[in-house]
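> In case you want the letters, here they are:
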Amino acid sequence: MAAPTLARLVYRNVRVNADPATLIILLGLPAMYLIFFGYGFSSLASSGGSGTGYLAFLAPGIMAFQSVMAGTVAGSILWADRRWGMLAQLLVGPFSRVEYLLGIIVTSALFGLGGAVLMLALAVGLLGTTTLTTVGVASMLGAIALGSVLFGGLMLLLAALVKSNNAYNSLQILLIFVVNFASTVFYPLSSGLPIGLKAMFVANPLTYIADAVRHGYAGGFQASDALGFLLLAVETVVLLVLATRAYLRSDVSME
Amino acid sequence: MAAGHDAAGSPAPLAGLRSEDPIVADRIVHSYDGRTRALDGVSFSVRRGEVYGLLGRNGAGKSTLIKAMTTLIAPTGGRLSILGLDPRHDGRRIRERIGVVQQGESFDFSSVQGNLDIYGILWGVPRDERVRRREALLRKFGLTELRARRSFDLSGGQKRRVQVAREFMHDMDLLFLDEPTVGLDVLMRRTLLDSIRDEVRRGLTVVFTTHNLEEADYLCDRVAVIEAGRIVVEDSVAALKRRYSGKKTIDVTADADHAEAFFRALGPALGDAATVTVRGTSATVLTDGAKAGLDAILDVARTTGTSLEWLTVREKTLEDVFLQTVGPEAEERGGADAR
Chain X
664 MAAPTLARLV
674 YRNVRVNADP
684 ATLIILLGLP
694 AMYLIFFGYG
704 FSSLASSGGS
714 GTGYLAFLAP
724 GIMAFQSVMA
734 GTVAGSILWA
744 DRRWGMLAQL
754 LVGPFSRVEY
764 LLGIIVTSAL
774 FGLGGAVLML
784 ALAVGLLGTT
794 TLTTVGVASM
804 LGAIALGSVL
814 FGGLMLLLAA
824 LVKSNNAYNS
834 LQILLIFVVN
844 FASTVFYPLS
854 SGLPIGLKAM
864 FVANPLTYIA
874 DAVRHGYAGG
884 FQASDALGFL
894 LLAVETVVLL
904 VLATRAYLRS
914 DVSME
Chain U
130 MAAGHDAAGS
140 PAPLAGLRSE
150 DPIVADRIVH
160 SYDGRTRALD
170 GVSFSVRRGE
180 VYGLLGRNGA
190 GKSTLIKAMT
200 TLIAPTGGRL
210 SILGLDPRHD
220 GRRIRERIGV
230 VQQGESFDFS
240 SVQGNLDIYG
250 ILWGVPRDER
260 VRRREALLRK
270 FGLTELRARR
280 SFDLSGGQKR
290 RVQVAREFMH
300 DMDLLFLDEP
310 TVGLDVLMRR
320 TLLDSIRDEV
330 RRGLTVVFTT
340 HNLEEADYLC
350 DRVAVIEAGR
360 IVVEDSVAAL
370 KRRYSGKKTI
380 DVTADADHAE
390 AFFRALGPAL
400 GDAATVTVRG
410 TSATVLTDGA
420 KAGLDAILDV
430 ARTTGTSLEW
440 LTVREKTLED
450 VFLQTVGPEA
460 EERGGADAR
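Respectively, the protein sequence lines represent chains X and U.
Numbering of the first sequence is given in this note's numbering, commencing with residue 664 and proceeding in unit increments.
Numbering of the second sequence is given in this note's numbering, commencing with residue 130 and proceeding in unit increments.
In case anyone wonders, no lab produced these hints; they're calculated from the structure.
Hints may contain errors.
A short, non-exhaustive set of chain U residues, derived as facing chain X with CB atoms under 10 Å [said to hold, decoys possible]: (1) His218; (2) Gly220; (3) Gly243; (4) Gly253; (5) Phe305; (6) Gly312; (7) Val315.
Now the in silico label distances, taken between C-beta atoms and shown as ranges [stated by the list, open to error]: (8) U:Leu440 with X:Asn832: 40 to 48 Å; (9) X:Val900 with U:Asp302: 32 to 40 Å; (10) U:Arg276 with X:Ile687: 48 to 56 Å; (11) U:Asp327 with X:Ala684: 57 to 65 Å.
Okay, the calculated bits of chain U under chain X, using three or more residues with CB under 8 Å as the criterion [said to hold, decoys possible]: (12) 170-184; (13) 193-201.
Treat the numbers as computed from the prediction; the structure is a model and nothing was measured.
Glycine included, each C-beta is placed from N, C-alpha and C at the ideal position.
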């Protein structure tokens, strides 16, 4: 018996995108952040201490960052399918257009979760300790899955709207940079931040994902995380609706 | 929606369109911008188990028609039935029963074998059947040696073979081939055409667009010539040839210095019984009487001082039929002064 349509689309997306170059960028970049920034800033902060204080703070942030990287996979799939003719080919296949988009979104979540688990293993290996609990792990994975879908929707919207390859790549890099560094991935939201930057932190969905993952990494789930999840869910729905509308309007050329 | 059952109360289907046919197009209209019509009242039907050829120049409307029939676009007017289903409401059910080889390249970032495998999986072909089909297709299309190569690294002809082979990984009732032989060498082109013939014998219905009229002649049961979004001629290849059987084709090439004057004088000299299609310093003359046509050409050459570099008389081909149905309008624009 054939697998369900969505499972077939997801299998195809994973198989086509799990090439070494994609995996190096997807996993290698966050791993390098974790190692270089983690040890570098820990040594700066502790000046001769154990050198793992900042690393312990950064590790869950990098796990949250995987949701952004997973989102780029979603945009890349749509972009590549359009560029290499597979979009039109798949749209004359036994799928609906919405199923095709769902396939990308689920693929994005799988990449996000897979990457986060690997970063977790790396962090535990580097730190040598763990305070994981069932609730904490569930919260972490939930936040990362939701975040992957959210950023997947954002990147799909971008891919549907931007027709130039160079413009798409440039915007994607800019977006990753801003989302990444205007969040609590690398540093906490402190009162010392300028008001404009603080507003960017608060408006940035990655802040809520990073906070929830950080709390989960510490073994707990806080009331603020529930509010964060709610906000993320609303933003995710809005972005998915916008991305779907933009994608359905975009021209699908057979030539 | 089958033709003739429009709830909106549209006119009854045109005579000759049979609702049981796999494809029934009834006065199809499509406009991309709301002003110009890419399809302008196209009506035809394709019978079960036949190869139906769509011929026409670039931009004539062939690809738009294919897009409409494969549910990629919804026509802005008219009624379309594919396998008895309405593309507007049953797109997915239609797509489950059709195969499409696009005009442009389309590949997954994978090997040749990987592309066939992935496509089989996407179509839900069971594993054992998938492997059996994959191996058979790799052999049939001469891809066995290339199976481990990335599809993107292949030559144009090799890519085309993969693309066509891939479509046979799944079952279908109706196959759309949009210029499938572009870039293929003679042997592989014949292999492909014969493969299609084999599938047609097993009941497959095929819609085939091509610029190569010899292929249409070899493969198609019926052809339609599309021009400016309309079907200008539709018939069996044999009937089309019969229709013009009394005519001969004369190919003539004039020396460059006198070509313009020569062709300007040639039209009136030949009269209404002949059609002249001019391309640069050459022309194709379609005439009822070869001898009268040759006499007129030689007379005009003498009076205009033109040296004839090439002059032949031959039987009509499908290409001549195409040129006569599509060419004159085009050439009247570009070479009206030659008549």
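> Would you mind marking each hint as holding or not holding in the structure?
Do the hints match the structure? See the list:
About 12 Å separates the beta-carbon of His218 (chain U) from the nearest beta-carbon of chain X, more than 10 Å, and the hint is not met. Because the smallest distance between the Cβ of Gly220 (chain U) and any Cβ of chain X comes to about 8 Å, under 10 Å, the interface hint for this residue holds. Given the 10 Å rule on beta carbons, the hint for Gly243 (chain U) holds: about 8 Å separates it from the nearest Cβ of chain X. The restraint placing Gly253 (chain U) at the interface with chain X holds, with a minimum CB-CB distance near 3 Å, inside the 10 Å limit.
Using the Cβ-Cβ criterion of 10 Å, the hint placing Phe305 (chain U) at the interface with chain X is satisfied: the shortest such distance is roughly 8 Å. This hint is violated: Gly312 (chain U) has a C-beta 15 Å from the nearest C-beta of chain X, more than the 10 Å allowed. Below 10 Å, beta-carbon pairs count as interface contacts, and Val315 (chain U) has none with chain X, the closest being about 25 Å; its hint is therefore violated. Between Leu440 (chain U) and Asn832 (chain X), the C-beta spacing of about 59 Å breaks the proposed range 40 to 48 Å.
Distance hint check for Val900 (chain X) and Asp302 (chain U): the Cβ-Cβ separation is about 39 Å, which falls inside the suggested range of 32 to 40 Å. Taking the beta carbon of each, Arg276 (chain U) and Ile687 (chain X) are about 26 Å apart, not inside 48 to 56 Å as hinted. At about 41 Å, the beta-carbon gap between Asp327 (chain U) and Ala684 (chain X) misses the expected band of 57 to 65 Å. Residues of the stretch 170-184 of chain U lying with their CB closer than 8 Å to a CB of chain X number 0, which falls below the three-residue condition for coverage.
By the rule of at least three residues with a Cβ nearer than 8 Å to a Cβ of chain X, the coverage given for the stretch 193-201 of chain U holds, with 5 such residues.
The structure fails to meet hints 1, 6, 7, 8, 10, 11, 12 from the earlier list, while all remaining hints are met.
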